[in-house]
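Participant: These protein sequence lines map, in sequence, to chains C and X. For what it's worth, numbering that gives the first Met the number 0 labels the leading residue of the first sequence as 0, then goes sequentially. For what it's worth, numbering that gives the first Met the number 0 labels the leading residue of the second sequence as 0, then goes sequentially.
No wet-lab data here; the hints were simulated from the structure. Every residue, glycine too, gets a C-beta built ideally from N, C-alpha and C. Treat the hints with caution; some may be incorrect.
Claimed, not checked - Within a straight-line C-alpha distance of at most 20 Å, the following computed EDC-like cross-link-like pairs (lysine to aspartate or glutamate) qualify:
1) C/108 <-> X/96
2) X/108 <-> C/373
3) C/108 <-> X/357
4) X/108 <-> C/352
5) X/108 <-> C/65
What the hints assert, rightly or not - To list a few chain C residues with every Cβ distance to chain X over 10 Å, as calculated:
6) 49
7) 79
8) 166
9) 251
10) 298
11) 359
Said to hold, decoys possible - Some, not all, of what chain C presents toward chain X, calculated at C-beta under 10 Å:
12) 55
13) 59
14) 100
15) 197
16) 216
17) 218
18) 246
19) 250
20) 347
21) 372
22) 414
Number of protein chains: 2
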Amino acid sequence: MTALEAMGERARDAARAVGRLSGADRNRALAAMSTALLEQTPDILAANRRDVEKAKQGGMTPALVDRLRLDENRVRGMAQGIRDTLALTDPVGEVMEGRRLENGLQLRKIRVPMGVIGIIYEARPNVTSDAAALCLKAGSAAILRGGKEAFESNAAVTRALRHGLETAGVTAAAVQLVEDTSRETAAQMMRLNRCIDLLIPRGGAGLIRTVVENATVPVIQTGVGNCHVYIDESADPQMASAIAVNAKVSRPSVCNAAETLLIHSGAAPRLLPSIAAALREKGVRLRCCGRAASLLPGVDIEPADETDWETEYLDYILAVRVVDSLEEAVEHIARYGTGHSECIVTESYANAERFTAEVDAAAVYVNASTRFTDGGMFGLGAEIGISTQKLHARGPMGLRELTTVKYIVNGSGQVR
Amino acid sequence: MTALEAMGERARDAARAVGRLSGADRNRALAAMSTALLEQTPDILAANRRDVEKAKQGGMTPALVDRLRLDENRVRGMAQGIRDTLALTDPVGEVMEGRRLENGLQLRKIRVPMGVIGIIYEARPNVTSDAAALCLKAGSAAILRGGKEAFESNAAVTRALRHGLETAGVTAAAVQLVEDTSRETAAQMMRLNRCIDLLIPRGGAGLIRTVVENATVPVIQTGVGNCHVYIDESADPQMASAIAVNAKVSRPSVCNAAETLLIHSGAAPRLLPSIAAALREKGVRLRCCGRAASLLPGVDIEPADETDWETEYLDYILAVRVVDSLEEAVEHIARYGTGHSECIVTESYANAERFTAEVDAAAVYVNASTRFTDGGMFGLGAEIGISTQKLHARGPMGLRELTTVKYIVNGSGQVR
Numbered sequence: 000m001t002a003l004e005a006m007g008e009r010a011r012d013a014a015r016a017v018g019r020l021s022g023a024d025r026n027r028a029l030a031a032m033s034t035a036l037l038e039q040t041p042d043i044l045a046a047n048r049r050d051v052e053k054a055k056q057g058g059m060t061p062a063l064v065d066r067l068r069l070d071e072n073r074v075r076g077m078a079q080g081i082r083d084t085l086a087l088t089d090p091v092g093e094v095m096e097g098r099r100l101e102n103g104l105q106l107r108k109i110r111v112p113m114g115v116i117g118i119i120y121e122a123r124p125n126v127t128s129d130a131a132a133l134c135l136k137a138g139s140a141a142i143l144r145g146g147k148e149a150f151e152s153n154a155a156v157t158r159a160l161r162h163g164l165e166t167a168g169v170t171a172a173a174v175q176l177v178e179d180t181s182r183e184t185a186a187q188m189m190r191l192n193r194c195i196d197l198l199i200p201r202g203g204a205g206l207i208r209t210v211v212e213n214a215t216v217p218v219i220q221t222g223v224g225n226c227h228v229y230i231d232e233s234a235d236p237q238m239a240s241a242i243a244v245n246a247k248v249s250r251p252s253v254c255n256a257a258e259t260l261l262i263h264s265g266a267a268p269r270l271l272p273s274i275a276a277a278l279r280e281k282g283v284r285l286r287c288c289g290r291a292a293s294l295l296p297g298v299d300i301e302p303a304d305e306t307d308w309e310t311e312y313l314d315y316i317l318a319v320r321v322v323d324s325l326e327e328a329v330e331h332i333a334r335y336g337t338g339h340s341e342c343i344v345t346e347s348y349a350n351a352e353r354f355t356a357e358v359d360a361a362a363v364y365v366n367a368s369t370r371f372t373d374g375g376m377f378g379l380g381a382e383i384g385i386s387t388q389k390l391h392a393r394g395p396m397g398l399r400e401l402t403t404v405k406y407i408v409n410g411s412g413q414v415r
Numbered sequence: 000m001t002a003l004e005a006m007g008e009r010a011r012d013a014a015r016a017v018g019r020l021s022g023a024d025r026n027r028a029l030a031a032m033s034t035a036l037l038e039q040t041p042d043i044l045a046a047n048r049r050d051v052e053k054a055k056q057g058g059m060t061p062a063l064v065d066r067l068r069l070d071e072n073r074v075r076g077m078a079q080g081i082r083d084t085l086a087l088t089d090p091v092g093e094v095m096e097g098r099r100l101e102n103g104l105q106l107r108k109i110r111v112p113m114g115v116i117g118i119i120y121e122a123r124p125n126v127t128s129d130a131a132a133l134c135l136k137a138g139s140a141a142i143l144r145g146g147k148e149a150f151e152s153n154a155a156v157t158r159a160l161r162h163g164l165e166t167a168g169v170t171a172a173a174v175q176l177v178e179d180t181s182r183e184t185a186a187q188m189m190r191l192n193r194c195i196d197l198l199i200p201r202g203g204a205g206l207i208r209t210v211v212e213n214a215t216v217p218v219i220q221t222g223v224g225n226c227h228v229y230i231d232e233s234a235d236p237q238m239a240s241a242i243a244v245n246a247k248v249s250r251p252s253v254c255n256a257a258e259t260l261l262i263h264s265g266a267a268p269r270l271l272p273s274i275a276a277a278l279r280e281k282g283v284r285l286r287c288c289g290r291a292a293s294l295l296p297g298v299d300i301e302p303a304d305e306t307d308w309e310t311e312y313l314d315y316i317l318a319v320r321v322v323d324s325l326e327e328a329v330e331h332i333a334r335y336g337t338g339h340s341e342c343i344v345t346e347s348y349a350n351a352e353r354f355t356a357e358v359d360a361a362a363v364y365v366n367a368s369t370r371f372t373d374g375g376m377f378g379l380g381a382e383i384g385i386s387t388q389k390l391h392a393r394g395p396m397g398l399r400e401l402t403t404v405k406y407i408v409n410g411s412g413q414v415r
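Let the hints inform the model, and build the full structure from the sequences given.
Facilitator: Rendered as structure tokens:
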């Protein structure tokens with residue numbers, strides 16, 4: 000048995016133990032985890048300094064180093080995050096539906112814990128506590144596999160969380176961190192079907208692709224967002240500009256940021272110059288199709304090619320394409336979109352209805368920024384990621400999406 | 000582009016067309032499919048005779064030949080099955096939840112079609128029409144890949160269904176049959192991520208395992224049922240015997256049939272002899288642990304080993320094991336069960352509650368036969384299979400389980 004298989008077995012046992020806890024007991028454990036995180040702040044910061052030092056020496060970009068770095072405030076934020084999760088409604092035990100069958104059998108469909116949830120993630124150490132807390136709140140055990148850049152930080156956070164669990168009388172095996180951060184163990188984890196009920200990769204497109212290609216355990220794909228803002232012929236000029244700018248620049252590094260602006264040819268001559276100016280003013284580089292370029296004489300733009308339509312820049316770059324119809328916009332989105340968040344800006348009732356009906360994505364917006372696709376915004380309370388696949392969960396995933404169901408059937412001797 | 004990729008592209012386009020149809024239009028298409036099936040009965044039966052002839056020459060067992068064989072009645076049954084599906088409530092368009100956010104955004108979570116559903120199945124030609132009808136009713140296109148033994152039958156059925164679609168003005172590409180029944184195309188189909196949104200294997204454990212091992216498209220595992228009946232110390236003797244016999248013999252070849260009988264050591268001396276006699280009378284062979292064997296002197300039994308606990312016999316064979324406690328029964332089920340259907344026979348309230356809480360399976364029964372796990376029985380109207388995994392669907396899958404969701408967000412210029 001490999002170390003990972005042994006960890007899987009421990010997780011499976013822990014999941015059964017956690018699954019038997021009442022909501023109150025799970026909340027007590029979460030409170031203890033939050034407290035332990037605060038108490039062990041010095042250890043966590045010391046470990047994080049070692050990670051940061053190593054990352055700098057290794058030439059990590061300042062933006063990534065910033066995502067990796069913890070300070071007292073951030074640790075406090077992580078502890079508060081656990082408290083916030085604690086305060087959410089317990090998803091476990093909800094009777095989702097039920098009826099009495101003609102033969103007298105009483106059927107109930109009940110929400111139950113998933114079991115063991117694996118999370119593979121990249122540089123941010125706060126994911127360690129966020130994910131552990133969500134899994135525990137949902138009645139499941141977690142196997143966490145963070146990036147090697149954050150290993151020391153993740154290990155220190157996990158030690159604190161496990162100490163909290165033990166303080167509350169819950170098995171520490173409910174939260175385990177994979178210590179070997181090699182690709183081999185990640186690959187092993189993706190095939191640990193006997194022990195992992197659900198695997199969620201959180202990270203860039205490369206990680207997601209690797210997991211989807213290699214996993215035999217059930218996976219939920221998250222977070223790749225090649226999102227579009229389509230400005231229809233009838234769009235309100237002010238609104239079109241405000242939404243295009245907000246969707247791109249309010250936080251370019253996240254998955255719900257827009258990557259391509261599609262604009263109807265009937266509106267482009269009138270609207271594109273001012274929208275482009277507003278974007279340029281915010282420091283956005285524009286990669287334009289030929290027709291868009293011809294409408295922006297003297298503006299500092301770059302030519303777009305096929306690759307641009309496919310790219311999730313996650314940066315101050317926006318592809319721009321002129322289309323001749325709503326159909327062409329829908330077609331473009333069907334071809335290049337990743338099914339995350341798509342927006343139409345329009346004053347036409349019919350076009351709003353057609354766009355929302357025909358665009359196949361987790362979230363489809365009329366006259367609002369794609370940036371709203373978020374568990375907090377949607378009222379889920381917390382979020383483990385944003386699903387871009389169609390099975391089990393689509394869009395922001397909260398506690399409910401970390402559970403499964405079970406039919407309980409009470410009889411009095413019925414046979415068939 | 001391979002033939003299968005081209006088929007996938009056609010299915011993707013067809014899914015968009017079908018997704019735009021109203022429920023009434025989909026129903027008209029289903030009615031036409033049903034009619035076409037009846038009209039083309041002679042062709043279908045002729046094709047089926049060729050399959051049956053070949054199967055007999057190839058030495059197929061009589062039971063399998065029976066599953067393969069169609070007659071007028073069976074074709075009428077298939078046509079009626081499509082009519083029954085037509086009559087079900089349209090799952091598409093249901094507003095599952097919704098609210099107005101503080102910023103005025105109006106959020107709705109809507110049930111929408113899955114897109115393209117792939118089904119890989121084995122010998123029964125009726126799956127072709129059942130699956131096609133369910134997928135169409137749910138607003139999706141279907142790519143069907145049946146077993147090579149039934150190929151001529153499946154092709155004739157598909158021709159009829161596609162003729163029906165065309166009669167109703169719907170693209171025939173909404174229902175496509177993979178013509179190359181080699182393992183290679185099945186393997187290709189499992190990796191057609193750009194075109195298949197959901198793949199459902201229907202068949203034996205070997206097929207399911209192959210699909211889970213090799214698929215990169217989202218899969219729902221179905222139908223492997225190593226189901227248990229646990230007879231608790233307090234069980235009513237009559238009820239225990241009736242349920243054990245029914246769960247085993249009412250239809251041994253199906254996934255919700257029981258494969259192992261667990262019996263509490265406090266009840267075994269009293270109950271096992273009569274239960275064993277009732278099972279033997281129905282022609283059931285018993286594979287017994289040592290303690291069970293010692294309670295059945297003179298009864299014609301066979302010794303059980305580890306393999307028996309793992310085996311889904313799908314036959315008139317039942318493994319029998321004496322356990323010393325409910326915990327031991329739960330433990331056995333956790334170790335060997337496939338998460339399908341599990342039953343306790345008990346008069347103890349506390350034990351009924353513990354068993355239903357602690358056994359992790361799609362359906363957990365108190366004092367009723369495992370044989371009730373079925374879409375029709377559970378009131379789903381029709382069933383595409385029984386999910387034994389925890390993601391997306393668990394237990395009998397009906398039309399709702401063939402759909403996904405989409406958030407539609409209506410705004411008036413909101414930015415973040």
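Participant: Would the hint on residue 100 of chain C be counted as holding, given a Cβ-Cβ threshold of 10 Å to chain X?
Facilitator: holds, 7 Å
Participant: Can you verify the interface hint for residue 59 of chain C: is its Cβ closer than 10 Å to any Cβ in chain X?
Facilitator: Violated. Min distance 29 Å.
Participant: Closer than 10 Å between Cβ atoms is the bar; does residue 216 of chain C clear it against chain X? Give me holds or violated.
Facilitator: Because about 9 Å separates residue 216 of chain C from the closest Cβ in chain X, which is inside the 10 Å limit, the hint holds.
Participant: Closer than 10 Å between Cβ atoms is the bar; does residue 218 of chain C clear it against chain X? Give me holds or violated.
Facilitator: The hint holds - residue 218 of chain C has a Cβ within 10 Å of chain X, the shortest such distance being about 8 Å.
Participant: Would the stated hint for residue 197 of chain C survive a check requiring a Cβ distance to chain X of less than 10 Å?
Facilitator: With a closest approach of 6 Å, the residue 197 of chain C hint holds.
Participant: Closest CB-CB distance from residue 166 of chain C to chain X, is it above 10 Å?
Facilitator: Residue 166 of chain C is indeed farther than 10 Å from all Cβ atoms of chain X, at 25 Å.
Participant: Is the interface hint satisfied for residue 347 of chain C? The criterion is a beta-carbon contact with chain X at less than 10 Å.
Facilitator: Residue 347 of chain C check fails; min Cβ-Cβ to chain X is 13 Å, beyond 10 Å.
Participant: Please check whether the beta-carbon of residue 79 of chain C is more than 10 Å away from every beta-carbon in chain X.
Facilitator: With a cut-off of 10 Å, residue 79 of chain C remains clear of chain X, as the shortest Cβ separation is near 21 Å.
Participant: Hey, does residue 49 of chain C actually stay past 10 Å from chain X on C-beta?
Facilitator: holds, 36 Å
Participant: Would you check whether residue 246 of chain C satisfies its interface hint, that is, whether its CB is within less than 10 Å of any CB in chain X?
Facilitator: Where the cut-off is 10 Å and the nearest Cβ of chain X is about 8 Å from residue 246 of chain C, the hint holds.
Participant: Is residue 108 of chain X close enough to residue 373 of chain C, meaning Cα to Cα at most 20 Å?
Facilitator: With Cα atoms ~14 Å apart, residue 108 of chain X and residue 373 of chain C stay inside 20 Å; holds.
Participant: Does the structure keep residue 108 of chain X and residue 65 of chain C at a Cα separation of 20 Å or less?
Facilitator: violated, 36 Å
Hints 5, 11, 12, 13, 20 from the earlier list are contradicted by this structure; the remaining hints agree with it.
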